[in-house]
Amino acid sequence: MAEPLTVARSSGGRRVRRLGVLIGWPLARRLGGAVFVLWAVATLTFFAVRLIPGDPAEAILGGPGSQTSPEALAAVRAEYGLDQPVFLQYLAQLGRLATGDLGRSYALNMDVGPLVLSQLGGTLLLAVLSLTVAWLLALGLATWSTGRGAMARRIGSGLEIVAAALPHFWLATTLIVVASVWWGILPPISTADARGLVLPVLTLAIPLAGFLGQVMRESLTTALESPFVLSARARGESERGVLWRHALRHAALPAIGLSGWAFGSLISGAVVVETVFARPGLGRTLLNAVTVRDVPVVIGVVMVVALAYILMTILTDLASRLADPRPTTNTRTPGGAQ
Amino acid sequence: MSAADAVPLAVPMSGRPAPALRVRNLSVGFGSQTVVRGVSLELAPGECLAIVGESGSGKSVTARSLLGLAGAGAQVSADEISLAGESVLGLNESAWRRRRGRDVGLVLQDALASLDPLRPIAREIGDSLRLHTKLDGAARSRRVLEVLTAVGLPDPELYAGRLSGELSGGQRQRALIAAALALDPPLLIADEPTTALDVTVQAQVLDLLEEIRDRGTAILLISHDLAVVSRIANRIAVMHDGRIIETGTPNEVLGRPTHPETRRMLAAVPVDKPRGTRLAPAPEPLLTPEQTAGAGRLRVAERPSAPATEVTSGSPGAAPDARTPSSPDLALEGIGLNKTFRGPHGTVQHAVDDVNFSLPRGRTLGIVGESGSGKTTTARLALALTPADSGVVRLLGEPWSVLPEKQRRARRRLVGAVYQDVLASFDPRLSVREILRHAVAVAAPDGRDGANRRAGEARVGALLDDVGLSAALLDRRPTDLSGGQRQRVGIARALASRPQILICDEPVSALDVSVQAQVLDLLDELQRELALTLLFISHDLGVIQHVSDQVAVMHAGRIVETGPAEQVFAQPAHPYTEALLAAVPRLV
Numbered sequence: 001m002a003e004p005l006t007v008a009r010s011s012g013g014r015r016v017r018r019l020g021v022l023i024g025w026p027l028a029r030r031l032g033g034a035v036f037v038l039w040a041v042a043t044l045t046f047f048a049v050r051l052i053p054g055d056p057a058e059a060i061l062g063g064p065g066s067q068t069s070p071e072a073l074a075a076v077r078a079e080y081g082l083d084q085p086v087f088l089q090y091l092a093q094l095g096r097l098a099t100g101d102l103g104r105s106y107a108l109n110m111d112v113g114p115l116v117l118s119q120l121g122g123t124l125l126l127a128v129l130s131l132t133v134a135w136l137l138a139l140g141l142a143t144w145s146t147g148r149g150a151m152a153r154r155i156g157s158g159l160e161i162v163a164a165a166l167p168h169f170w171l172a173t174t175l176i177v178v179a180s181v182w183w184g185i186l187p188p189i190s191t192a193d194a195r196g197l198v199l200p201v202l203t204l205a206i207p208l209a210g211f212l213g214q215v216m217r218e219s220l221t222t223a224l225e226s227p228f229v230l231s232a233r234a235r236g237e238s239e240r241g242v243l244w245r246h247a248l249r250h251a252a253l254p255a256i257g258l259s260g261w262a263f264g265s266l267i268s269g270a271v272v273v274e275t276v277f278a279r280p281g282l283g284r285t286l287l288n289a290v291t292v293r294d295v296p297v298v299i300g301v302v303m304v305v306a307l308a309y310i311l312m313t314i315l316t317d318l319a320s321r322l323a324d325p326r327p328t329t330n331t332r333t334p335g336g337a338q
Numbered sequence: 001m002s003a004a005d006a007v008p009l010a011v012p013m014s015g016r017p018a019p020a021l022r023v024r025n026l027s028v029g030f031g032s033q034t035v036v037r038g039v040s041l042e043l044a045p046g047e048c049l050a051i052v053g054e055s056g057s058g059k060s061v062t063a064r065s066l067l068g069l070a071g072a073g074a075q076v077s078a079d080e081i082s083l084a085g086e087s088v089l090g091l092n093e094s095a096w097r098r099r100r101g102r103d104v105g106l107v108l109q110d111a112l113a114s115l116d117p118l119r120p121i122a123r124e125i126g127d128s129l130r131l132h133t134k135l136d137g138a139a140r141s142r143r144v145l146e147v148l149t150a151v152g153l154p155d156p157e158l159y160a161g162r163l164s165g166e167l168s169g170g171q172r173q174r175a176l177i178a179a180a181l182a183l184d185p186p187l188l189i190a191d192e193p194t195t196a197l198d199v200t201v202q203a204q205v206l207d208l209l210e211e212i213r214d215r216g217t218a219i220l221l222i223s224h225d226l227a228v229v230s231r232i233a234n235r236i237a238v239m240h241d242g243r244i245i246e247t248g249t250p251n252e253v254l255g256r257p258t259h260p261e262t263r264r265m266l267a268a269v270p271v272d273k274p275r276g277t278r279l280a281p282a283p284e285p286l287l288t289p290e291q292t293a294g295a296g297r298l299r300v301a302e303r304p305s306a307p308a309t310e311v312t313s314g315s316p317g318a319a320p321d322a323r324t325p326s327s328p329d330l331a332l333e334g335i336g337l338n339k340t341f342r343g344p345h346g347t348v349q350h351a352v353d354d355v356n357f358s359l360p361r362g363r364t365l366g367i368v369g370e371s372g373s374g375k376t377t378t379a380r381l382a383l384a385l386t387p388a389d390s391g392v393v394r395l396l397g398e399p400w401s402v403l404p405e406k407q408r409r410a411r412r413r414l415v416g417a418v419y420q421d422v423l424a425s426f427d428p429r430l431s432v433r434e435i436l437r438h439a440v441a442v443a444a445p446d447g448r449d450g451a452n453r454r455a456g457e458a459r460v461g462a463l464l465d466d467v468g469l470s471a472a473l474l475d476r477r478p479t480d481l482s483g484g485q486r487q488r489v490g491i492a493r494a495l496a497s498r499p500q501i502l503i504c505d506e507p508v509s510a511l512d513v514s515v516q517a518q519v520l521d522l523l524d525e526l527q528r529e530l531a532l533t534l535l536f537i538s539h540d541l542g543v544i545q546h547v548s549d550q551v552a553v554m555h556a557g558r559i560v561e562t563g564p565a566e567q568v569f570a571q572p573a574h575p576y577t578e579a580l581l582a583a584v585p586r587l588v
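As they're listed, the protein sequences go chains F and X.
The numbers in the first sequence follow the working numbering, run straight up by one, and end at 338.
The numbers in the second sequence follow the working numbering, run straight up by one, and end at 588.
Hints may contain errors.
[As the list claims (entries may be wrong)] Derived coverage of chain X by chain F (criterion: at least 3 residues anywhere in the stretch with Cβ under 8 Å from a Cβ of chain F; other residues may be distant):
(1) 112-122
(2) 126-138
(3) 163-176
[Unchecked claim] Simulated restraints, written as ranges between beta carbons of each label pair:
(4) F:Leu51 <-> X:Arg476: 52 to 58 Å
(5) F:Ile161 <-> X:Phe30: 27 to 33 Å
(6) F:Ser238 <-> X:Phe30: 22 to 28 Å
It should be emphasised that the hints constitute simulated quantities derived from the structure, not laboratory data.
Cβ atoms here follow ideal geometry from the backbone N, Cα and C, with glycine treated the same way.
So here's chain F without its partners, still in its complex pose (with noise of 0.2 Å):
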């Protein structure tokens, strides 16, 4: 899209200070917002995880069912300050937050942080992957449908509306059904090559696909009618030039705002689809982790989704900034202009 032309000695100052601007202040707004997000983030979750019936320290010694002397108890709630009044347990949780300290795994008898970690990767892989793939089949069926008729049309949104309405588990099993059991070409859980990602990201990325594609359509559909393409085409300007050159970036805007959500709705979806096809990550670690009770796990792995979704909707941020150079006093919308 962005074709080299060099302008005018002066639009390299302008975007020096564009970027500027654009990376000054809202950043440092952005920062702001961050910390108190990660704060109520932590707040919610502990109080949440209190609801969860069950003694946290039977959890520590074995999980419930185990038998566990009244003695032993005492100890471990001594030891882990269980036995502190509940305010006391949330500034000292509080305190070990800031510090970066997620504390320790009940459960697993291990630090929660270097867990969290190495659980991350794979997830943040299967999401950024499900986003591009997600991006790629909503535009190239937002394109192909628009501009080739009302047939064309309504089939685009009838898929959209079908993807968009698909729950992961359903989809999941569906592909490991038809793709595995029937056709045998992809495993069914998730191998560490790059084949066993195909299924959970399809699973992820095709509901996405719905969403995004229909917003996309939208507003191709308007920039194609504006008066600029128009303008651009009375220039010569050829079909595919006007798609990438005008209408592409107006038809992305909106769903650059949405990816930030979007990135949050994935790792979510990451919970059913790691556990489906069996593959590590934070999805299935939190599961896990809430089911035997595991507050620090628990808190570990909300805190470090949050943060990675508070740093995705910074990046969308400024992507958007980016592609609409508009200052933001202007209407977003495309051709938008009465």
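Position chain X relative to chain F; hints supplied.
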């Protein structure tokens, strides 16, 4: 604009033999509907031919057909279409692409939407060069700056890297023209190139087009505005219902129109028509019989034009006209109004700056000014929808703007408002009946009009009758109405509360001139019948001159001149008023 002389755009081809454009018997249809019927045109180099017509007359489709861009599903047929002597009939898409931008350039209305808002204007202008030449980046940049200079954009190096949204309306329109001229095509098609512009900027853009024409480029100018095209067109073709009904020089067409449609269009132009003169032929032959069915009540015999009374005096013994205030008090009065807005990056904009106005009962105060001059803010202050920073508005001699909204609400029904974009002010899911029923019910919560269904229904019928609409339209939605019908519904809604004052903010700006004429006539009749007081806001000096008793000229938030309409228009005292009046395109 003198900079244009420095870089000659056109390489003058001595005695180019072929006409820049020749069209014979062009017809364009969409499905079963034919929108252009047998149009023939010829345009010599250095000549400007204007196609004038109202919306739906087929002028834009004609223009787009000449670029092969009539649209998906258009059936275009012609005996001949040739650009610069070469036939373009039946070209395939890639052959068309090689000609667009090179043989013919297109300039559209509203450069904010017609230049990609996400790309710097230099890229937009450079696109034709990239598509049609082998120039490298540096050579393209040089050419872009050349063209920007040629269209009179000051300091092109500074502006080249800007987005269209960062330019003023006039700069933007120049950039759009530059984009069409980058390859110096022999033919320029300009479709309403000045329609969205302020009158002074419009005058500059027309000057620029004239200059381009004089350099040897043929210009096909499309416009709804006879006055605009008469400034630069060598010939005018009037289009109506897909046909060219009349062609001739501006003097012929404007001075001795032969076709009744042309005469009707000319009669509808409000410029220099005295207050109270009907603009549309009565009784409105444009409405279909179905539409006129209920429109009989208001047809009043033509009234002699209003006597030129001194407006503000309130002196006894004024002319015995329905408009004369029964008592000398003021309907609406603004005293020392100020309003500032905070812009981005801490800038402060003084939208309304020490504005005073007084509006005697039954009279019309016209506020005229260019965009951003503070007209609409003044209207909002008068309606007490926006609180003023300082100053007060008094309604019927009593405090208005200083009251708390709770007390004001009961008196809001005394003031009605009519807006430009009336469609946006309707809930699109409601029918005309529901829109008016709501207005009636809200206006009379005490039960006078809204208490029972039948009374409400009767009031809706009476309102429709007042604005000359047929009851057959009651169950339509606003989107299914024509622009004029919508504006009539908007006026009916404003009248639902039986207001004494009507505040009209650009009520006719989006309308064709003949529809505008009908709406202006309607407002005039309503004012007489209902003894309404009007605060009428417009950018259009012709409209203001026609409707106003008293005129206030606004510029940069201030009223720079005020006085009786005849006096302001005949002997403007302020240089800004003079400049505005000089910029108004006139019929010959």
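Now for the hints, and whether the structure bears them out:
1. With a cut-off of 8 Å between beta carbons, the segment 112-122 of chain X has 10 residues touching chain F; three or more are needed, and the interface restraint holds.
2. Given as covered by chain F, the segment 126-138 of chain X passes the check, having 8 residues with a CB less than 8 Å from a CB of that chain where 3 are the minimum.
3. Only when three residues or more bring their CB closer than 8 Å to a CB of chain F does the claim for the segment 163-176 of chain X stand; here the count is 4, and the claim holds.
4. Taking the beta carbon of each, Leu51 (chain F) and Arg476 (chain X) are about 57 Å apart, inside 52 to 58 Å as hinted.
5. Evaluation of the 27 to 33 Å hint for Ile161 (chain F) and Phe30 (chain X) yields a pass: the beta carbon distance comes to about 30 Å.
6. Between Ser238 (chain F) and Phe30 (chain X) the C-beta distance comes to about 24 Å, which sits within the given range of 22 to 28 Å.
Hint compliance for this structure: no hint is broken.
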